[in-house]
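Colleague: The chain contents come next:
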Amino acid sequence: MGYKCIRVATAAVLLILLILGPAAAVERPFGEILQALPSASYEAKATLIRELAETGHPRAVPVLRALSEGDLYVRKADQRVFIVRKGEGGYDLVDPLSGEPAGQAGRRDVKRIGINNTLRNVLAAQLASLSLAAPEAAVRRAAVAQMLGELDASLAATLRARLAEEPDRGVRGMIREALALVDLQAADEATRLAAVQTLHGSLTPEARVRLMALAADPEAGEALRTQARQAVASIDRWRSFYRLMETVFFGLSAGSVLLLAAIGLAITFGVMGVINMAHGEFLMLGAYTAYVLQQLLPGQVGLAVVLAVPAAFAVTGLVGVAIERGLIRHLYGRPLETLLLTFGLSLILQQAVRTIFSPLNRSVATPAWMSGAWQINPALALTYNRLAIILFALAVFLALLALLRFTRLGLQVRAVSQDRQMAQALGVRSEWVDALTFGLGAGIAGIGGVALSQLTNVGPNLGQAYIIDSFLVVVFGGVGNLWGTLVAALTLGLANKFLEPAAGAVLAKILVLVFIILFIQRRPRGLFPQRGRAAEA
Amino acid sequence: MKLPTPLRPFTERDRVFDALVPPAQRVRRQTRHGTILHVEDVTVSFDGFKALDALTLYIYEGELRCIIGPNGAGKTTMMDVITAKTRPDAGQVFFGDGIDLLRLSEPEVAQVGVGRKFQKPTVFEQQSVWDNLVLALHSDKRVWASVWFRLAPAQREQIEQVLETIGLVAERSRLAGELSHGQKQWLEIGMLLLQQPALLLVDEPVAGMSGHEMEQTAELLTALAGERSVVVVEHDMEFVRSIARRVTVLHQGAVLAEGSMAEVQQDPRVIEVYLGA
Amino acid sequence: MGLLWASLRRDRGGQVLLVLLLAAIILVPLLNLAVPAGAPGHLSAYTVALLGKYLCFALLAVSVDLVWGYCGILTLGHGAFFALGGYAMGMHLMRQIGDRGVYGHPVLPDFMVFLDWESLPWFWHGFDLFPFAMLMVLAAPGLLALVFGFFAFRSRVNGVYLSIITQALTFALMLAFFRNEMGFGGNNGLTDFKDLLGFDLQSEAMRVSLFVASALALALGFLASRYLTVTRFGQVLNAVRDAEGRTRFLGYRVENYQLFVWVFSAMLAGVAGALYVPQVGIINPNEFSPLNSIEMVVWVAVGGRATLYGAALGALLVNYAKTFLTSAAPEAWLFFLGGLFVVVTLFLPQGLVGLLRRSRA
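Chains as they are written, first to last, in our numbering: chain A, 1 to 537; chain B, 1 to 277; chain C, 1 to 361.
What the hints contain is simulated information worked out from the structure, not anything from laboratory work.
This one's a predicted model, so the numbers in the text were calculated from it and none came from an experiment.
Each residue gets a CB set at the ideal place from its N, CA and C atoms; glycine is no exception.
Please note that a few of the clues may not be correct.
[Said to hold, decoys possible] Which chain C residues face chain A? A few, computed with CB under 8 Å, are given here:
#1 74
#2 151
#3 155
#4 157
#5 159
#6 161
#7 163
#8 172
#9 294
#10 297
#11 301
#12 335
#13 337
#14 341
#15 342
#16 346
[What the hints assert, rightly or not] To give a feel for the contact side, a few chain C residues facing chain B, derived at Cβ under 10 Å:
#17 227
#18 232
#19 243
#20 260
[As the list claims (entries may be wrong)] Cβ pair distances, simulated, as ranges:
#21 318/A - 220/C: 50 to 60 Å
#22 147/B - 406/A: 53 to 63 Å
#23 145/B - 352/A: 51 to 61 Å
#24 126/C - 150/B: 35 to 45 Å
Excised from the complex, chain A in its bound form (with noise of 0.2 Å):
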């Protein structure tokens, strides 16, 4: 029933406008109407800005909008209209008809065309109107998105022409919800249940208002006020569903970080042995080279994060192959000191950076793909930062698995993190392998400090806030188990998300560290613990 009503009136609608559109259109030249508006009343200079848009001319939008934005001005020497912008000294005069500049002109010289709210209006509506035609789909999006707030007779009666042509689905959706929400005003019972129905699910802000008002409307009939309750609890239903939605694309990004992280670590430890209590200064230097790259490329955004990457694992991993080979291969077996002097490492590297690039916080830019955001719906947007990093561990994570699944040295690292003196007894350099492991596990952390440089800014102290955190991954996870360790750190980045709301960040975090102090009462070697003789060296 009621959608037949919108089918007829929409039919109607085009109708009318098939008859009347080339009549309506006389056909005056653009320049003509526009030399007519300085003169024209208000009452007039309404019906010329509708002429204005009609005519359909490539300038209309930006001379409709310098109107409504009190920039379009006529000169008083020979009533030429111009769109001015405001210089130094005076105003910069641009033709509007070609957009061409046009030379300057005093500020006695010109003279404003002046609007009121009624024309304000006019203009914004006409002004969405005309971006309707855009040819980009993403604009006509935000076009009807702006009418929400304003919607009239004539608006609907352009929204409902433009539903007939219109290509995109989505676009098309936005406009009958647009058009619902015209509707629900309706004298007519049946037109405004059916709008009720099409706003079911709808995640506009606007729609909610207006339901929450319908349901409360003690004029409404009962039916309608039923519908319209129902209608809102639908609607926020799936706001809060693609609000969790949200939390758990922060938390997956946030526990993609931190499993960029950790997998160094989980690699050296379970290797090794070896806790690198500096693996958050490992982070840290990939953070600053992505920096170096920025200032050493100016105006080369995206190259130098894409160059970061390599440049990052190449420094950190050579770091640490010489902090391995010159310290930390002297205290084998010596896990608690291996601690200590991994910490004063720590502490020394921390310095330098200070010491080099001062102790103030860097930004580094973010290049443009990577900047913004997916709006999948009003209520969802997943940017494009964190949707890269969350690719991006992911294709570290894979790619490591690979290269310890499929190499010679990934079956080496494995021989020797399993049973140390029976791979060195068959001929493996376990010398070697522990060198290229810890480099290998520096190295990554090396491009995580390049995916958090998109993130945060780079400062000294970067690796400080991601060490404990890395560490509770690890030991979560399981010691040695890469798969652990993934599955460690999404979740406890999506638990600190989650948290967050409900808790505030500070307190996410203690009721993290309690969680995991309590789980290493049960399981005290991790998730995934490793069993058998293995577990008891």
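Model the placement of chains B and C on the given structure of chain A, informed by the hints.
Modeller: Frame of chain A, contents of chains B and C only:
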């Protein structure tokens, strides 16, 4: 109300508040059938590999039992289960007349009278021989008692005797870490003696010992049996032959054969396992 | 007692420490109060407070050495116990301010007035009484250590795992204490103290008294720890450090031993914190920072672990270096500290005491 798994132990009061549980009673020597250790249907698996497969084994009071078996037969895992180091997936282990060893922790197992000597000699290397023995001495081993512990003259005498038995009188003030491998083995046996266990589990006691030392050890173990039960796990067949009255052969986590040394040696299954025929 | 004397007779380093402390207890008050200001040999109030602070750190180092050196528990979170003791004392000092605060509220400390709190939170009650506050100096760190240690040791968390968890503990507490809602003054912590037991904290006599109290606390803490280490209790601790499994099979409940020494050590650290706060005049959440806790470990490592007096010596030396370097070359301090970790672990595993022993041997 069902609690999530991590919280569940908090409701099992006797498991959580160990300090509140009265110290386990020492074994009463009223063993009904003269059996001091019942191991029944014990199964332990590591990631699908069955280290023990429904192992059933009885040790009688005062006997000296040797347990032999190829590598991976489950000898060490069996000891781990008895001393509460590893919890089995299934089965029962009773000590004396009804002490359920599976419900006890390692120190409790030690306190009810099970002593264990490890394969690799483990003594406290940073402490003197004397102090090692003092630590092992059978006494109240709770914290507060240790803070105020003083060696009674009778206990001093006991330690002196053990020093003599294990031939380390001259080494009493040396750090245990400075002893030779054989001496460490002896020191550990001495510590076990001072623990006064009713059941002694000995894992490869003669590994790394010279022929002479081996003879002495055989003598000592034989002498120990009788007053207490001794279970020896050993690879060295010569040694086993020299002490064994009764031998149990383990294979793939279960008992393959049991009997006197001569009987066992003629058992075709044993021969097959050992010679891989 | 006889056991303690016997062990002290053999403990040359311990004797030196006690004699030095006795000398300090006599000389410092003399040089500060009897020698007039400006005369050579006069110790300023500032120096006295600084020395007192060092002694608190030395006591803290002894407590760390007790668990690390003797029981093998590498704690990276002892700063938490130190800070809790400090906060207990700080709360007492806050309550002593009374209505002399900036806002002049008769009961509420300034920061609570600033946060528009109506009344004192429940956990602040009783701290106006000195004996209760002193009880809390022991109870607060003791309870935390008891609960934490109960869980950690029962499930046999050890080695590097335990170290990381202790670090996480102090990190969590730091985050918590930074929050204003916790009711401990948030970021700024507790400060602007006026007096203790009715005596002005700024007065020379008070400073000297606090110094003497710190020296006595260090001496007593050292003696108590020494006693523990020479009893069979101490032997068991060593046994746990060197062969935990074997100790269990001898019938010792290892977790109870660890818990006892852990709680005792936490209380010692709490006392050190309580004496530290009135001498520096402030306690804030930075005392919980993991870096502070790990610095304590390096004091012990530099001095020589499992010696007790070595730990005290290390604390004094490293902190003197810190005072000197942070004023002379602030940038160099972290390089120095980091370098100390590297040098000590690689070349001086027994610390300075080990070096001394070797050179005499």
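Colleague: Next step is simple, just say for each hint if it's right about the structure.
Modeller: Comparing the hints with the structure gives:
1. 74: Interface hint status for residue 74/C: holds (5 Å vs cutoff 8 Å).
2. 151: holds, 5 Å
3. 155: Status holds, d = 4 Å.
4. 157: With a closest approach of 5 Å, the residue 157/C hint holds.
5. 159: Given a least distance of 6 Å, the restraint on residue 159/C holds.
6. 161: The hint holds - residue 161/C has a Cβ within 8 Å of chain A, the shortest such distance being about 6 Å.
7. 163: holds, 6 Å
8. 172: Given a least distance of 4 Å, the restraint on residue 172/C holds.
9. 294: holds, 6 Å
10. 297: holds, 6 Å
11. 301: holds, 6 Å
12. 335: Since chain A brings a Cβ to about 5 Å from residue 335/C, closer than 8 Å, the hint holds.
13. 337: With a minimum Cβ separation of about 6 Å from chain A (threshold 8 Å), the hint on residue 337/C holds.
14. 341: holds, 2 Å
15. 342: At about 5 Å, which falls below the 8 Å cut-off, the nearest Cβ of chain A leaves the hint on residue 342/C intact, so it holds.
16. 346: holds, 6 Å
17. 227: At about 9 Å, which falls below the 10 Å cut-off, the nearest Cβ of chain B leaves the hint on residue 227/C intact, so it holds.
18. 232: Where the cut-off is 10 Å and the nearest Cβ of chain B is about 4 Å from residue 232/C, the hint holds.
19. 243: Cβ of residue 243/C sits 5 Å from chain B, so the hint holds.
20. 260: holds, 5 Å
21. 318/A - 220/C: 50 to 60 Å: holds, 52 Å
22. 147/B - 406/A: 53 to 63 Å: The hint (53 to 63 Å, Cβ to Cβ) holds, given that residue 147/B and residue 406/A are roughly 58 Å apart.
23. 145/B - 352/A: 51 to 61 Å: holds, 53 Å
24. 126/C - 150/B: 35 to 45 Å: holds, 40 Å
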